[in-house]
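Colleague: Residue strings, one per chain:
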Amino acid sequence: MRNITITCLLIYVINLLPVAAFEIELEETFGDNDSVSTVQILSSTDSERFRPVINGFINRNPELSVRYVTASTAEIYTAIATESTTFDLVISSAMDLQMKLANDGFTKTVTLAGNENVPNWARWRSEVFGFALEPIVLLVSKQDFLDLKFPKTRRDLLALMRNNPDIFINRIGTYDPKISGAGYLFSTQDSRQSDTFWRLAEVMGRLNTKLYCCTSKMIEAVDSGELALAYNVLGSYANAELPSDSNAQVIALEDYTQILLRTAVVPLASKRPDLGTRFLDYLISVEGQDILDKQAKLPALNNFEISKLANRKPIRLDSGLLVFLDKLKRSAFLREWDAALFQN
Amino acid sequence: MRKPISLRWRLLVPLIITAIITSALLYFTMRQVTKQAVQATQEALLEKAVTSILEQTRFTENNVEIDLPYNIFTMLGAISEDKVYYRVDLDGLFLTGYEDLRLKNLTVDNEYIFFSSTIFRGVKLRQATVQQLFLVNGKSRLIQITVAQTQLFQEAILRDMSRNAGVIGISFFGFALLVALLATRSFLRPINSLAGTVSRRGAHDLRPVKGPTPPELMPLVLSLNGFISRLTGTLRQTETFIAEAAHHIRTPLSLVKSESQLALRKSKSSENRKHLHNIIESVDMSIRSAGQLLDHALVLYRSEKIDEKRLDLAVVVQHVADNLQPAADLKDIIIKTEIINNGDIFVMADRVLLEVALRNMLDNAIKYSNPDQLIFVKMVLDQNFVRIIVLDNGRGIKGVKTKGIHKRFKRGSNVDDVIGSGLGLAIISEICIILGGSFILKNNKGVGACAILQLPVC
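Chains as they are written, first to last, in the working numbering: chain U, 1 to 344; chain B, 1001 to 1458.
One should not assume that every hint holds.
[To be verified] Where chain U lies over chain B, by a calculated footprint (3+ residues, C-beta under 8 Å):
#, segment
1, 1060-1073
2, 1089-1102
[Unchecked claim] Here are some, though not all, of the chain B residues that point toward chain U, as calculated from beta-carbon distances under 8 Å:
#, residue
3, Glu1081
4, Lys1083
5, Val1084
Derived by calculation from the structure, the hints in this document are not laboratory data. Note that CB positions come from ideal geometry on N, CA and C, so glycine has one too.
Chain U with its partners taken away, still in its complex shape (with noise of 0.2 Å):
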């Protein structure tokens, strides 16, 4: 018992250090091994997603390799502003973390050679600049709705779950918004934009609703059958990882769709910061923006789709984003969820 205490504090005490503490996911180097410098690249997207636009952009500057760096949107957000790591540039789809580290003095001021490729609405003073879209979608099981029609609405989604439990009872998957910073935002967003979404909340708590940690779950369960749908899904991925035939239909739900910003910011505590600013330009060129959208699958700032897409609702990257933040309104929030999700 004594031992485990020990072995305890010291792992506490090892967390504490500033060296990589934060949790990595994976780390990968791209380039020559005996190029002149590294761009350091802390970032929340799969470095597999992310490798054409790596590969252009080495192909673009032969003298650079990149040490790719992936992590948490959380953990991302806690080696920045917590800790003293030196990455030159953090791509996060987190966009209210990624402006709390601007608010808070995290980040440089960035001029960028293509400056006016980033619309004013992607980006908050030279600090966070958005340069891939992401519409946060519904997902749902084909063979399930060979009865049902499709949902527009979340009205309509409430009416169905209510008039089909048996479909849906254990059957229905959505970020879990205690882990994922993603899915915090997606819920918090949503009930700012209607009061449906707690009532959608509480049937599906009624539902007995699985929640996820990531996109990537709920798009293979819903795949494969074992979920009827699942309620804010990043677009992008789904699109990106499900076959033509899939069992899995994509819906962009009519009454609103938002529509995520994928930002990147230069910390301050970069040691390079100009090769971070580099590969930002890389990201937001014309060149950048093409590989983004046709190979990366990240849809680009003007995706012609996500434009014509009804009632679409970019979430503003704007100081409001910084009010869910806060310890005391995340709290009461996550109570709400809770009293919604978890009636018995």
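Starting from the structure of chain U, add chain B where the hints point.
Modeller: Below, chain B without anything else, positioned relative to chain U:
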């Protein structure tokens, strides 16, 4: 002695200083107003933020619920993308927000919103603080809420504003400078025109200054006129004196001459006759000089009140030639007048002055001619001018410096053997100026001199 300051600068300097001060005031006022307006806008938003949070604050059994209003936060960043910080304290203990944000110490009875400026993480912030006491289960609990924002937007606006205000201020200054210059010029114009009027006058024009003058300049004009009239009086006295003196000399001289001629007729001794001849010759010259002095005084006198008339030049020339013919006869000289162009020539001139000028020209010609010679007086019409040319066959002025020859009592360098006063050419020149003509004395093509008087015709 200090150099006197010019009127222009006396006027310009205060005007320019005023313009500078006004421009600077304009600049700073605009800056200040903008600063206040931007600050007031920011404070209104901050106030809205703290009061909204306060309104949303609720106490439950043993808990406090704080709701940060999403839209207010969005709005705080909307105009400016300024960074936002906040902090909520309960009973003086940090509850949520940014713990390193310094809270303004307020006394308990402060119920209003308190604005202050602070430095946070190296950046200047404007912050609004509000506090309120809640009574929960018989216990009073104090909530303090602070929302703060950077002032980058304000600085950006002020930068823009300063640039604009600078441009306006400088433009205003430029405009004021232009107005000042124009005002100074218009102010000085009457003075300059007065000076011009006076300086354009002829040498002997001593009429009082007339014409419209600004009332402020009247004292100057009046005293100037007073001075002119005193000067005129003095001059007239002098001329009268000279004229009278010449007259008084001429009369006894004429007596001396006639007595000497009588004596000459009676004298038998050749030596005496020679002496008497010399006396008569000298007396002649003295009479002539006295006459010229009279002429000169006459010219000066007439120049003040010219009596211009349309004159037939041929008549005047013939009259003068006839008058001088007896003097010419003494040396057996014949004076011939001719008009080169056909037709009559008329000039606008004072007859007396014109006659004096012509007489002096002919007199000189006679004086420097040898006996038995011809003197030609030609009148040549050349467009708007008439040239009166007097040609003699005398010694001419070859090798004589003509510079200064027109000055009073100056004589040519080759006439020492001929008695003269040195007034003749001076008189002609002065008359020329009065009549608006010109006078040239030069060598004739053959022998002798050529005197040309050029006058405008009418």
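Colleague: For this structure, which hints from the list above don't hold up?
Modeller: When the structure is compared with the hints, none of them turns out to be violated.
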